[in-house]
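Peer 1: Listed here are the chains, written in short residue letters.
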Amino acid sequence: MNEDLRERIKTVIDTEPVSLFMKGTPTFVMCGNSERALQALRGAGAPVTAVDILPDPEIRQELSSLSGWPTIPQVFIKGELIGGADIVQELAANGELERKLSDALGEDYRGAAEERVVSVLVPA
Amino acid sequence: MATMGTMATEPLEILLKEAFPDADELRVEDRTGGGDHFHVTVASPRFDGLSLVDQHRLVYAALERPLADGTIHELRIKTRGVRRTKGGTT
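Residue numbers (the numbering used here), protein chains in the order written: chain S, 7 to 130; chain E, 1238 to 1327.
Quick caveat, the hints were computed from the structure, so don't treat them as lab data.
Errors might be hidden in some of the hints.
Subject to a maximum C-alpha distance of 25 Å in a straight line, what follows is the list of computed PhoX-like cross-link-like pairs (lysine-lysine) [claimed, not checked]: (1) 16/S - 106/S; (2) 29/S - 16/S; (3) 1254/E - 106/S; (4) 1315/E - 29/S.
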């Protein structure tokens, strides 16, 4: 187990308004499911903080052991696991996603909407 | 005649039927025909009152082995409880 990595992942999950652990980045998505989750979040106007899990297999191991969720992507709103691509898509379609976002981030959450990418790896 | 598709989906159906013996609906589709991209649909009373995250966790638990050994490369999940909550009293 990589304690440092685990801590950094946990910090992203707990402190970012909306975190998306995905394969690739929003500008270069490497997997259809990550794309589906990203599009659903964008559609709801979510301020997405993306983490690419591909650079090191340990990221995915530590993430799944933290969240208890076996697959990628994984979406969190303020520390709470919302789900993978299927759930996020379903919540986006029925309006629940926007409700969760305004409950957690405030009704004007769209005003802050910007996408960014963070790394959980230590710079070499 | 068993097609490639049913040969691939049957083991998953067996696992899901064990986990959700009283399912109202239980389907496994081979999305691409390649035997490793699946779409699972389950409606079960076990999901009543659970969040979607917890519902999907039960499906992941039922399919733990094929997920771990690489049989399932990609999995789409659609779950629902069977109790009617919308517009009703529960």
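Peer 1: Can you list which hints this structure breaks, lowest number first?
Peer 2: 3
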